[in-house]
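Student: Keeping their order, the protein sequence lines are chains A and B. Taken in order, the first sequence gives residues 935 to 1176; the numbers are from the working numbering. Taken in order, the second sequence gives residues 523 to 769; the numbers are from the working numbering.
Just so you know, the hints here were simulated from the structure itself, not pulled from any lab data. Some hints could be false.
Said to hold, decoys possible - Pairs of lysine-lysine residues, derived as PhoX-like cross-links and limited to a Cα-Cα distance of at most 20 Å, are as follows:
hint	chain 1	residue 1	chain 2	residue 2
1	A	1110	B	703
2	B	563	A	1005
3	B	671	B	696
4	B	598	A	1005
5	A	984	A	1035
6	B	703	B	598
7	A	1150	B	563
For clarity, every value in this text was computed on a predicted model and none was experimentally measured.
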Amino acid sequence: MAGDGEAGRHQEVGHKSLLQSDALYQYILETSVYPREPEAMKELRELTAKHPWNIMTTSADEGQFLNMLLKLINAKNTMEIGVYTGYSLLATALALPEDGKILAMDINKENYELGLPVIQKAGVAHKIDFREGPALPVLDQMIEDGKYHGSFDFIFVDADKDNYINYHKRLIDLVKVGGLIGYDNTLWNGSVVAPPDAPMRKYVRYYRDFVLELNKALAADPRIEICMLPVGDGITLCRRIS
Amino acid sequence: MAANQAEQQNQDGRHQEVGHKSLLQSDALYQYILETSVYPKEPEPMKELRELTANHPWNIMTTSADEGQFLNMLLKLINAKNTMEIGVYTGYSLLATALALPEDGKILAMDINRENYELGLPVIQKAGVAHKIEFREGPALPALDQMIKDGKYHGSFDFIFVDADKDNYLNYHKRLIQLVKVGGVLGYDNTLWNGSVVAPPDAPLRKYVRYYKDFVLELNKALAADPRIEICQLPVGDGITLCRRLS
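Next up, chain A with everything else stripped away, as it sits in the complex:
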């Protein structure tokens, strides 16, 4: 699963896909993703491939999708919770206009600083406001402040799964009406449908119930319209309607 660079074939680091075969996933990557991947993103992806926690990174197909989505919705003011080395952050920064802004939060600044030189070289680092630390206190501050309501075009959450519902309670106020929240990993390695006795990695099993609960909660939330896409490890897009 960690991807060992077999026979010169590209291997998306740390990821199995949700698709029917690895061959099909490779086909998408080789045909439609890698040939169009911006140089900076390729560089950051390859740098991240060497990192021991690379399973956490956003995959290239997901980066491409986020980048296109942001352009399609003309996003200008965004937020990202969970940065790691910054692959989805870079995909976002490349999509926003020159005066676009991204509030990016992660409990770990070191990983962000690993990727930052690549983001700087790409000329888009000025769009990013990085804050180290847990996101909930920051979100609570923004809610209390009052002037951030409905101020974000897009918010991407790729962080601790046991807190997604807690994030959602705040983000639904902070994203604008008609804006988009994206929750990553909502198909959780396909484990959402694994039988109870199936062998599972510890962390997969641990967070699985949180993911199942999140999915139910999002589907039942009347303030949003949702769409669960099998890109990467599953992204649920939530468009705020009220």
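Please arrange chain B on chain A, whose structure you already have, making use of the hints.
Tutor: Positioned in the frame of chain A, the structure of chain B alone reads:
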């Protein structure tokens, strides 16, 4: 493969997406998405049209519910107002589109078969959105050529969805790239072609799958190489490639 799927649809009350296997790692995962996130939110007219279509012998051609939901959201996100659809069948994606557009939205919908469209039309009318649709029976290429020649349709569409004869997609593309606006979206359906794009040469394939496979492979290469668009190939339904026009 598809016929068995359609026959299984009444098994122990479980929803079964007609005619489709998904591109996902298991049918269970696909069902999970449908049951958790699609069916509970599916608008009543779309459900009605889907169930009506399930009884049709060619139902393998229909847009799946997850794809309909995605198209509907995408169109709202891009504030689409003027769209085109090539390939209608009974109108599931057409209805998904019509429900997403504003009251004064317009869809030019083309299909060689009017009867199938008329099967679904009552549902679309009941949903109150039929007035947005201009349906034209017949092959699309002559209509597109006329629009190109006319001159005033260049860059006039926000979104164009192609779900038709795969051996003509590249021919459509040559015209559509001019008709969609800069920044607008072309969506090509079935670009992962049942997963057969990676089937070994000796793999058993249904005749029509094998017949069109090379066209799909060529299309995918051509779209990836086209500098006038940015692309994104999504494993939704049978694979949709979104193409955003850059220039």
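Student: Take the hints in turn and mark each one as holding or not.
Tutor: These are the hints, each one checked on the structure:
Between residue 1110 (chain A) and residue 703 (chain B), the direct Cα distance comes to roughly 26 Å. Violation of the 20 Å bound is thereby established for this hinted pair. Between residue 563 (chain B) and residue 1005 (chain A) the CA atoms are separated by roughly 26 Å; this puts the pair beyond 20 Å, and the hint is violated. Only pairs whose Cα atoms come within 20 Å are accepted, and residue 671 (chain B) paired with residue 696 (chain B) is accepted, the gap being roughly 13 Å. Of the pairs offered as hints, the one joining residue 598 (chain B) and residue 1005 (chain A) holds, with about 14 Å between alpha carbons and a cut-off of 20 Å not exceeded.
Under the criterion of a C-alpha separation no larger than 20 Å, the hint pairing residue 984 (chain A) with residue 1035 (chain A) is inconsistent with the structure, at around 29 Å. A distance of roughly 17 Å separates the Cα atoms of residue 703 (chain B) and residue 598 (chain B); the hinted pair therefore holds under the 20 Å criterion. Among the hinted pairs, residue 1150 (chain A) with residue 563 (chain B) is consistent with the structure: their alpha-carbon atoms are about 12 Å apart, no more than 20 Å.
The structure is inconsistent with the numbered hints 1, 2, 5, although it conforms to all the rest.
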